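Full structure from sequences and hints, please.
These are the residues of each chain, in order.
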Amino acid sequence: MSDKKPLKQSLKNMLEAESLSGQQLRNLNDLQLGQADKVSWFKQRRRLLTGGSAAIAASVLFVSGRNLFSGNGAIQEGIIRDVLTNHIHIRKLDIETSSINEVANYFDRLAFAPYLSSQLDKTAFELMGGRYCTLQGELASQLWLRDKDSGEMATYYLAKYDRQHFGELPNVSSGEIPKVLYERGYQMTIWRESNVVNVFTQSASG
Amino acid sequence: MNFDSSELNHLYRYCLALCGDSDNAYDLLQDAIEKYLKQAGKMLIEQPQGYVKRTARNQFYDQERRKKVVQFDVHEDQSELPGLEKELEHVVVDELLLKQIWKTLSSKEREVLFLWAVEGLTTAEIATQLDVPQATVLSRLHRLRARTITNELFASSGGEHV
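Chains as they are written, first to last, in this note's numbering: chain A, 1 to 206; chain B, 1001 to 1162.
The hints are simulated quantities; they were obtained by calculation from the structure and are not laboratory data. A couple of the hints might just be wrong.
Unchecked claim - Simulated restraints on C-beta separations:
no., chain 1, residue 1, chain 2, residue 2, range
1, A, Met14, B, Gln1134, 44 to 52 Å
2, A, Asp94, B, Arg1054, 46 to 54 Å
3, B, Tyr1061, A, Ser194, 42 to 50 Å
4, B, Lys1067, A, Thr134, 36 to 44 Å
5, A, Ala74, B, Gly1050, 54 to 62 Å
6, B, Ala1124, A, Gln164, 57 to 65 Å
7, B, Asp1004, A, Ser194, 31 to 39 Å
8, B, Asp1021, A, Arg81, 17 to 25 Å
9, A, Asp3, B, Gly1020, 21 to 29 Å
10, B, Lys1103, A, Gln164, 40 to 48 Å
To be verified - Calculated lysine-lysine pairs in the DSS-like style (CA-CA distance at most 30 Å, straight line):
no., chain 1, residue 1, chain 2, residue 2
11, A, Lys4, B, Lys1067
12, B, Lys1038, A, Lys92
13, B, Lys1035, A, Lys92
14, A, Lys160, A, Lys179
15, A, Lys8, B, Lys1103
16, B, Lys1038, A, Lys4
17, A, Lys12, B, Lys1103
18, A, Lys92, B, Lys1086
19, B, Lys1103, B, Lys1086
20, B, Lys1108, A, Lys5
21, B, Lys1067, A, Lys92
22, A, Lys8, B, Lys1099
23, B, Lys1035, A, Lys4
24, B, Lys1103, A, Lys5
25, B, Lys1035, A, Lys12
26, A, Lys12, B, Lys1108
To be verified - Residues on chain B that point at chain A, a partial pick, calculated with CB under 10 Å:
no., residue
27, Leu1008
28, Leu1029
29, Val1091
30, Trp1102
From a predicted model like this one, the values you see are computed outputs, not experimental measurements. Each residue gets a CB set at the ideal place from its N, CA and C atoms; glycine is no exception.
Laid out in structure tokens, this is it:
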């Protein structure tokens, strides 16, 4: 049945029916907070990693602009740029599932099966699914993890490690501690697990 | 100054009118807000929403020019344009049909329609804001009316046109 209304009103209704998703709004708000008050970036989510909080706190580095790590700066700046681009610019998931087994089976273009590292507190997050992305030009998986308490979305990246693209990263398989970086209001925790690069990203204000 | 949810959604809809695609609209808004925040740290910006819209618009058309996909305006018969603004107030349209027509419009046409319908600007105000002649704005509105009428006629005769 035809439902005719004045053109102007119909246009207004149609255009105002479109809105940002809750996650997109949160990301934009985080972005604004991050720019407005860099101090808030230091808020630390203690329950993120199961490794001791004191040890993790000791590894926290404040990252500003180009001063990342000595000797490894350009590479890690590139990693951070790619991670933030993927984290902020939300794209549709290639697979929506809460099963890590389904995720592992789906990502058959990677040289390894994606997994949830023991460095993550798995009880705090719910897996939402994943999509392909790239880090430093290398094919990677981006998994979405929803914080069960706050509902905020975190993203978790896995890519095959090679020194040329990813430089020196702390290897937790050798007992080294992940590095925690802050940029533009986001917290990124980076480590290497055998031959896989892991990056966990979430809002620093949470 | 930070934007609240209502302002962010309004800016997003403007970007969506430019891009015609939700993913690209979000990216465009994100970039424009980043630029605004950077600039706001250095100087007082009196109209933050206007600044973000202008930034998004400039970036969008720069990108389109690089891709060489900016559509040129088609010059309509100018004799039909006087009185069009008032006439448009009386046009009625099927909402489903409007959604279909919307997909066929150019970014410039969508932008004018957004400013006219959502922001409630007159054609003279839109012309000033976009820095184009008023006749160009009227021409873009005229094309929507022409497509609406054409498609209404085809729909009533059982055909599909869009």
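How the hints compare with the structure:
no.: 1; hint: A:Met14 with B:Gln1134: 44 to 52 Å; in the structure: violated, 25 Å
no.: 2; hint: A:Asp94 with B:Arg1054: 46 to 54 Å; in the structure: violated, 36 Å
no.: 3; hint: B:Tyr1061 with A:Ser194: 42 to 50 Å; in the structure: holds, 48 Å
no.: 4; hint: B:Lys1067 with A:Thr134: 36 to 44 Å; in the structure: violated, 21 Å
no.: 5; hint: A:Ala74 with B:Gly1050: 54 to 62 Å; in the structure: violated, 37 Å
no.: 6; hint: B:Ala1124 with A:Gln164: 57 to 65 Å; in the structure: holds, 60 Å
no.: 7; hint: B:Asp1004 with A:Ser194: 31 to 39 Å; in the structure: violated, 46 Å
no.: 8; hint: B:Asp1021 with A:Arg81: 17 to 25 Å; in the structure: holds, 23 Å
no.: 9; hint: A:Asp3 with B:Gly1020: 21 to 29 Å; in the structure: holds, 23 Å
no.: 10; hint: B:Lys1103 with A:Gln164: 40 to 48 Å; in the structure: holds, 45 Å
no.: 11; hint: A:Lys4 with B:Lys1067; in the structure: violated, 38 Å
no.: 12; hint: B:Lys1038 with A:Lys92; in the structure: holds, 29 Å
no.: 13; hint: B:Lys1035 with A:Lys92; in the structure: holds, 25 Å
no.: 14; hint: A:Lys160 with A:Lys179; in the structure: holds, 18 Å
no.: 15; hint: A:Lys8 with B:Lys1103; in the structure: holds, 17 Å
no.: 16; hint: B:Lys1038 with A:Lys4; in the structure: violated, 45 Å
no.: 17; hint: A:Lys12 with B:Lys1103; in the structure: holds, 15 Å
no.: 18; hint: A:Lys92 with B:Lys1086; in the structure: violated, 42 Å
no.: 19; hint: B:Lys1103 with B:Lys1086; in the structure: holds, 25 Å
no.: 20; hint: B:Lys1108 with A:Lys5; in the structure: holds, 24 Å
no.: 21; hint: B:Lys1067 with A:Lys92; in the structure: holds, 24 Å
no.: 22; hint: A:Lys8 with B:Lys1099; in the structure: holds, 13 Å
no.: 23; hint: B:Lys1035 with A:Lys4; in the structure: violated, 41 Å
no.: 24; hint: B:Lys1103 with A:Lys5; in the structure: holds, 19 Å
no.: 25; hint: B:Lys1035 with A:Lys12; in the structure: holds, 28 Å
no.: 26; hint: A:Lys12 with B:Lys1108; in the structure: holds, 17 Å
no.: 27; hint: Leu1008; in the structure: holds, 5 Å
no.: 28; hint: Leu1029; in the structure: holds, 7 Å
no.: 29; hint: Val1091; in the structure: holds, 4 Å
no.: 30; hint: Trp1102; in the structure: holds, 7 Å
Hint violations for this structure: numbers 1, 2, 4, 5, 7, 11, 16, 18 and 23, all remaining hints satisfied.
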